[in-house]
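A.B. asks: Sequence:
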Amino acid sequence: MLVLTWAARIKSQSWSFKDTVSIGNVAHLRNLLSEIVPPLSGRSSDLPSPRYYPCYGPGYSFLFHTQTNSCLDPDGYDNYQAPMGPDGPLFLRRMWTGGLFDYVGASPALDQVVECVDRVQAVRRMGSSTFVSINRVFSGLEPFLRELRTLVYTNEPYTDTALKATKELEDLGSGATFGTPLNVFKTQFTLEQIMRYNFLTYNLHKIHYDATYCRSQGLRDVVVSGPFMVLVLLHYFTSRFPDLAVRGFRYRNQRSCYINTPVSLRIRGGNGEYDLKIVGDDVLCSGKLTADVSSECP
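By the count of my numbering, the sequence shown reaches residue 340 at its end, each step adding exactly one.
I should point out that these hints are in silico values taken from the structure, not numbers from a laboratory. Careful: at least some of the hints might be erroneous.
[Stated by the list, open to error] In silico DMTMM-like pairs for lysine to aspartate or glutamate, Cα to Cα no more than 20 angstroms straight-line:
#1 Lys228 with Asp252
#2 Lys60 with Glu77
#3 Lys53 with Asp120
#4 Lys330 with Asp317
Using the sequences and the hints given, assemble the complete structure.
C.D. replies: Below you can see the structure in the form of structure tokens.
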């Protein structure tokens with residue numbers, strides 16, 4: 043009942059954030075991504091701006107219009123869109139389970155002011171957990187991106203089993219039919235890299251930097267954030283296929299990805315449709331990407 047009351051209230055609200063596409067944030071992110079997935083030549087100085095993204099690559103919206111962190115839950119996450127009751131948070135834990143990007147217009151230019159309108163689109167119960175889906179529309183002179191992100195809230199302990207998913211993301215979960223990838227790259231994430239991404243995105247969620255807290259919650263070590271895994275996958279794709287313009291990406295975060303653990307990035311597909319995965323002992327993150335070759339920026 044408390045979740046339903048909160049859902050009715052939160053879905054009637056919206057938030058509007060303005061931010062500027064700044065060269066500092068973009069440069070720091072590109073340097074970080076090129077450490078994890080170096081350019082094919084092996085020298086970061088040879089990393090060009092992808093043809094279709096002079097300053098705002100796929101997934102770069104995670105850098106901007108961040109939460110204020112003015113009111114944090116005990117796990118360090120901003121609670122402005124978290125299920126709340128009269129006495130405080132209704133859930134102890136949350137994980138970013140998936141989302142999508144739909145590019146509908148020209149990407150913004152450097153120093154351009156971009157507005158993001160943010161609202162809770164859906165609240166769904168699944169067993170003892172609650173899924174909250176947030177719709178974000180980004181506009182410069184015109185709308186250019188719609189993003190959907192889904193978080194699961196739960197009081198159950200963290201586990202290394204596959205995260206539950208909403209119906210829209212269930213079909214992204216199977217690795218059995220992936221087949222032979224076109225491209226494979228092996229890498230791993232360090233704590234320093236995760237911290238740098240946390241700083242860039244104003245992320246204070248404790249599971250992404252505090253190993254002691256992680257172990258107290260049943261996690262083996264610090265966890266790589268879901269958005270960062272998505273950004274690494276998108277960077278890997280655009281660095282290997284610079285002549286393809288990304289139009290959409292639908293993804294699911296399936297299991298915890300830990301620091302200092304070997305993983306492989308994989309791409310498979312063609313003709314404008316690609317499957318992307320991060321794989322450790324099992325599939326950690328997977329997504330379906332649509333792209334085309336065009337003279338117009340997305």
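A.B. asks: Hints first: check each against the structure and report whether it holds.
C.D. replies: Evaluated hints:
Our distance criterion of 20 angstroms between C-alpha atoms is broken by Lys228 and Asp252, whose separation comes to about 25 angstroms. The straight-line distance between the Cα atoms of Lys60 and Glu77 is roughly 30 angstroms, outside the 20 angstroms bound, and the hint therefore fails. Taking the CA atoms of Lys53 and Asp120, the gap is near 17 angstroms; set against the 20 angstroms cutoff, the hint holds. A threshold of 20 angstroms between alpha carbons decides the hint, and for Lys330 with Asp317 the separation of about 5 angstroms falls inside it, so the pair holds.
Violation of the numbered hints given earlier is confined to hints 1, 2; the remaining hints are satisfied by the structure.
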